[in-house]
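Enquirer: Guided by the hints, dock chains E and P onto chain G, whose structure is given.
Here is what each chain is made of, one letter per residue.
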Amino acid sequence: MDVGIVSYGAYIPRFRITPQDIGRVWGSDGDAMSKGLMIYSKSVPAPDEDVVTISVEAARSMMRRCDVSPKDIGALYVGSESHPYAVKPTGTIVAEAIGASPNLTVADLEFACKAGTAGIQMCMGLVGSGMIKYGVAIGADTSQGAPGDPLEFSASAGGGAYLIGSEKVIAKINGTYSYTTDTPDFWRREGEPYPSHGGRFTGEPAYFKHVTSCAKGTMDRMGTKPTDYTHAVFHQPNGKFPTRVAKMLGFSDEQIKLGLLTPYIGNTYSGAVPLGLASVLDHARPGDRIFAVAYGSGAGCDGFDITVTDEIASYRRDAGPTVAQMIERKKMIDYATYAKYRGKIRMKEGGQ
Amino acid sequence: MREVAVIGIGITKFGELWETGFREMGMQAGLAAVQDAKLTAEEIDALYVGNMSAGRFIEQEHVAALIADYSGMARDHIPATRVEAAGASGGLAIRQAYLAIASGQHDIVVVGGAEKMTDISDTISNEIQSSAADQQWECVFGATFPALHAMIARRHMFQYGTTREQIASVAVKNHKHGALNPNAQFQKEIEMGTVLKSGMVADPLGVFDCAPNSDGAAAVVLCSMDKARKYTDAPVKVLASAQASDSLALHSRADICTFEATRVAADRAFAQAKLERKDIQLAEVHDNFTISELLAVEDMGFFPKGQAGKATMDGQTTIGAKLAVNTSGGLKARGDPIGATGVAQIVELVQQLRGTAGRRQVDGAKYALAQNVGGTGATAVVHILGVA
Amino acid sequence: MTTARFWRDNQTRYNLMATRCGNCGKVTFPPRNVCPVCHRKSMGKMKRFQLNGEGEVYSFTVVHEAPSAFEMQKPYVLAMIRMDEGVMLTAQLIDVEAADVKIGMKVKATIRKIGEEGPGGIIHYGYKFTPF
Numbered sequence: 001m002d003v004g005i006v007s008y009g010a011y012i013p014r015f016r017i018t019p020q021d022i023g024r025v026w027g028s029d030g031d032a033m034s035k036g037l038m039i040y041s042k043s044v045p046a047p048d049e050d051v052v053t054i055s056v057e058a059a060r061s062m063m064r065r066c067d068v069s070p071k072d073i074g075a076l077y078v079g080s081e082s083h084p085y086a087v088k089p090t091g092t093i094v095a096e097a098i099g100a101s102p103n104l105t106v107a108d109l110e111f112a113c114k115a116g117t118a119g120i121q122m123c124m125g126l127v128g129s130g131m132i133k134y135g136v137a138i139g140a141d142t143s144q145g146a147p148g149d150p151l152e153f154s155a156s157a158g159g160g161a162y163l164i165g166s167e168k169v170i171a172k173i174n175g176t177y178s179y180t181t182d183t184p185d186f187w188r189r190e191g192e193p194y195p196s197h198g199g200r201f202t203g204e205p206a207y208f209k210h211v212t213s214c215a216k217g218t219m220d221r222m223g224t225k226p227t228d229y230t231h232a233v234f235h236q237p238n239g240k241f242p243t244r245v246a247k248m249l250g251f252s253d254e255q256i257k258l259g260l261l262t263p264y265i266g267n268t269y270s271g272a273v274p275l276g277l278a279s280v281l282d283h284a285r286p287g288d289r290i291f292a293v294a295y296g297s298g299a300g301c302d303g304f305d306i307t308v309t310d311e312i313a314s315y316r317r318d319a320g321p322t323v324a325q326m327i328e329r330k331k332m333i334d335y336a337t338y339a340k341y342r343g344k345i346r347m348k349e350g351g352q
Numbered sequence: 001m002r003e004v005a006v007i008g009i010g011i012t013k014f015g016e017l018w019e020t021g022f023r024e025m026g027m028q029a030g031l032a033a034v035q036d037a038k039l040t041a042e043e044i045d046a047l048y049v050g051n052m053s054a055g056r057f058i059e060q061e062h063v064a065a066l067i068a069d070y071s072g073m074a075r076d077h078i079p080a081t082r083v084e085a086a087g088a089s090g091g092l093a094i095r096q097a098y099l100a101i102a103s104g105q106h107d108i109v110v111v112g113g114a115e116k117m118t119d120i121s122d123t124i125s126n127e128i129q130s131s132a133a134d135q136q137w138e139c140v141f142g143a144t145f146p147a148l149h150a151m152i153a154r155r156h157m158f159q160y161g162t163t164r165e166q167i168a169s170v171a172v173k174n175h176k177h178g179a180l181n182p183n184a185q186f187q188k189e190i191e192m193g194t195v196l197k198s199g200m201v202a203d204p205l206g207v208f209d210c211a212p213n214s215d216g217a218a219a220v221v222l223c224s225m226d227k228a229r230k231y232t233d234a235p236v237k238v239l240a241s242a243q244a245s246d247s248l249a250l251h252s253r254a255d256i257c258t259f260e261a262t263r264v265a266a267d268r269a270f271a272q273a274k275l276e277r278k279d280i281q282l283a284e285v286h287d288n289f290t291i292s293e294l295l296a297v298e299d300m301g302f303f304p305k306g307q308a309g310k311a312t313m314d315g316q317t318t319i320g321a322k323l324a325v326n327t328s329g330g331l332k333a334r335g336d337p338i339g340a341t342g343v344a345q346i347v348e349l350v351q352q353l354r355g356t357a358g359r360r361q362v363d364g365a366k367y368a369l370a371q372n373v374g375g376t377g378a379t380a381v382v383h384i385l386g387v388a
Numbered sequence: 001m002t003t004a005r006f007w008r009d010n011q012t013r014y015n016l017m018a019t020r021c022g023n024c025g026k027v028t029f030p031p032r033n034v035c036p037v038c039h040r041k042s043m044g045k046m047k048r049f050q051l052n053g054e055g056e057v058y059s060f061t062v063v064h065e066a067p068s069a070f071e072m073q074k075p076y077v078l079a080m081i082r083m084d085e086g087v088m089l090t091a092q093l094i095d096v097e098a099a100d101v102k103i104g105m106k107v108k109a110t111i112r113k114i115g116e117e118g119p120g121g122i123i124h125y126g127y128k129f130t131p132f
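Residue numbers (this note's numbering), protein chains in the order written: chain G, 1 to 352; chain E, 1 to 388; chain P, 1 to 132.
One should not assume that every hint holds.
[Stated by the list, open to error] Pairs of lysine-lysine residues, derived as DSSO-like cross-links and limited to a Cα-Cα distance of at most 27 Å, are as follows: (1) 74/P <-> 344/G; (2) 331/G <-> 113/P; (3) 74/P <-> 330/G; (4) 237/E <-> 322/E; (5) 45/P <-> 71/G; (6) 113/P <-> 344/G; (7) 348/G <-> 35/G; (8) 47/P <-> 331/G; (9) 45/P <-> 331/G; (10) 102/P <-> 331/G; (11) 197/E <-> 237/E; (12) 47/P <-> 348/G; (13) 45/P <-> 340/G; (14) 71/G <-> 113/P; (15) 47/P <-> 74/P; (16) 240/G <-> 209/G; (17) 71/G <-> 108/P; (18) 305/E <-> 102/P; (19) 278/E <-> 310/E; (20) 340/G <-> 74/P; (21) 237/E <-> 188/E; (22) 197/E <-> 74/P; (23) 113/P <-> 330/G.
Just so you know, these hints were derived from the structure itself, not from any lab.
Excised from the complex, chain G in its bound form:
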């Protein structure tokens, strides 16, 4: 049975802030940060947006683009490291809001930045085994960076939703391979408002080792090489890392261009590869082959080998906004507004 993507949807909040604006407040060189991270602006969620609303927006767009009845969805997973509640699921709200309740299984995933792609793998298993007809996997985040921390220049918000099935598949998933170790380069303890990271430890032994190992492992198993792919999407905590890892693996700038969004919207964490892949699918043509590697700090990597099918020609992409449209639809805000929206200003408890 061919298992693959039946539909997809994406969502990016409208507000943006520049590294220059952040740098100005903290006395760091915003221009240098922008250049070093290859980030020109990052998305900021409105005070009334969170992982639930982002997930629902993406999932509704996904459902509008296809004719699948929400009642045929047998599983729904929301992967995020910024679920609104510590205890109480996100996925149940999303399931209700797309009309998929109550006859399905739902779970929230928290697995660093690859919780969304982990959901895709879980759906592939359930669909492939015939246990369900369709599964939904969502990766979304409203990530936080401590004020003044280098992370604040990149941590942003957005998400992508994928309907996985075996009928009318617009992109067949030929195979997936995960590479998993315990490498603690990034963490947040329960109750802490902001994450911590290992600084330069997040580079070579973490991101680069895992992404290259997973990419090679995936291609070995599929018997492919970089030139076999039309497009490649890599996890993108900044603009530099995916550009460099692509070069290390032998992918060209042209291959990663469509899926590289971090320079414009920042690091959307669990939303990063789902959004990058959505951007590629927005433009993909029948026969295009897509390579994707998601990375989660301390979680490892998920690699995917995907082939776009003829179905995409009749697929209703127009029924939902494209990633490019949402990148274009933006309103710049200053740091004070950003601090207010992200809850970084200490308020009086209990109101008036």
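Expert: Same frame as chain G, but now just chains E and P:
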């Protein structure tokens, strides 16, 4: 049905009454009315109290028995009943007393109205007022009471070409009247520019388009007409008492520029009183917002729909014109202690019809009307009073 | 605790569920058990369905003095929206500059946080509208 008269009135000053609590206000107004009617406590058959939300304003429910108690009537064990219909609580309390007397059940009934709104922050006070709208389907989505009226104002401007200045002229006129009322919260005239430049509350309405948060109480004594002459040489007759309701949420109406409840209640009242619109010399209407007064005088048929703004701006509702509207200063200048408002309207009409309204007296006042609204027009009460 | 009070209406707030009278066809939102036109004749004939989420601005305001729960958003645009199916509802307009809002403007529903019971309380989600 028996005829009913007003034989006594009492009112406190309206405003921020820091020294006076809820029960003291109620007692002051009640005793003043009873004294005015030259009654003894034993002659009172029942008490009705108009109050919107003492439970939330001062965390005190069961206020009818409380007012009866503090007015010294606990040992008389009279029936004491609270009446609630948001902003129309006072007018509705009067109507309940009217019905009780007209039916023959009671002969003499005291009606009080009171609200203590300034013991809590303005923000919370405003939230409580907003609960007169549909909490679940309006307020939860960010609707406030001013916001709902602002949407009425915007639609009125869109449908009828009403101007911002015409709407503001209601506040200018009511402050002018309020300056003549020693019990008014604001006794200072204002200029058009003051209204237009006031801080925005809900666009297009600014601070001076909104009635204030007020403390205050008012009371009247109603009596069957056949007994009224025993207490006063100048009873004022209740010629009509009418009430109507409508959907709670503004968005459930076909047209938000008309309060159908006001229109229906006014039609019923004029039919009962057997009077024409032109017979009325003065009206106290529910100007909780400037736009509300325009709706009120249009919906009751004093001006064609869409014409009240121009008429108000031209002075056609100022004291001295054929129809004087809100001679007391209205909710805007006299103040709006919610439960007291509908009762205070009747107090003003009685003073005018007795010819004791001082500097704001409408010459030759013979017939007068009061319109009291709850929520965004979900309840409307209209009374017509006349010289007996 | 208002958890149950909100939960009861979640379907309507998430998915704009309305009712259509099986007798006269009148649409009501939020759902009702009795048609305001047909009264008793509509009993048992009120059919639930989902509004298509599109409509136009009937009137609007910009709220500057906000309830405490909306402090973070002020000033915000509040509108009465006439839905394609004819019913009207009240909701916030978002992702739009106040100066650009006009009566008659086409809008569509989206989902947002509409409130929360303090930082430790339940979060309420529901419809807000964005321009087309």
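Enquirer: Each of the hints needs a verdict: does it hold here or not?
Expert: Results for each hint:
no.: 1; hint: 74/P <-> 344/G; verdict: holds (17 Å)
no.: 2; hint: 331/G <-> 113/P; verdict: holds (20 Å)
no.: 3; hint: 74/P <-> 330/G; verdict: holds (20 Å)
no.: 4; hint: 237/E <-> 322/E; verdict: holds (21 Å)
no.: 5; hint: 45/P <-> 71/G; verdict: holds (24 Å)
no.: 6; hint: 113/P <-> 344/G; verdict: holds (18 Å)
no.: 7; hint: 348/G <-> 35/G; verdict: violated (38 Å)
no.: 8; hint: 47/P <-> 331/G; verdict: violated (41 Å)
no.: 9; hint: 45/P <-> 331/G; verdict: violated (47 Å)
no.: 10; hint: 102/P <-> 331/G; verdict: holds (20 Å)
no.: 11; hint: 197/E <-> 237/E; verdict: violated (43 Å)
no.: 12; hint: 47/P <-> 348/G; verdict: violated (46 Å)
no.: 13; hint: 45/P <-> 340/G; verdict: violated (49 Å)
no.: 14; hint: 71/G <-> 113/P; verdict: holds (25 Å)
no.: 15; hint: 47/P <-> 74/P; verdict: violated (38 Å)
no.: 16; hint: 240/G <-> 209/G; verdict: holds (15 Å)
no.: 17; hint: 71/G <-> 108/P; verdict: holds (24 Å)
no.: 18; hint: 305/E <-> 102/P; verdict: holds (23 Å)
no.: 19; hint: 278/E <-> 310/E; verdict: holds (19 Å)
no.: 20; hint: 340/G <-> 74/P; verdict: holds (12 Å)
no.: 21; hint: 237/E <-> 188/E; verdict: violated (32 Å)
no.: 22; hint: 197/E <-> 74/P; verdict: holds (19 Å)
no.: 23; hint: 113/P <-> 330/G; verdict: holds (20 Å)
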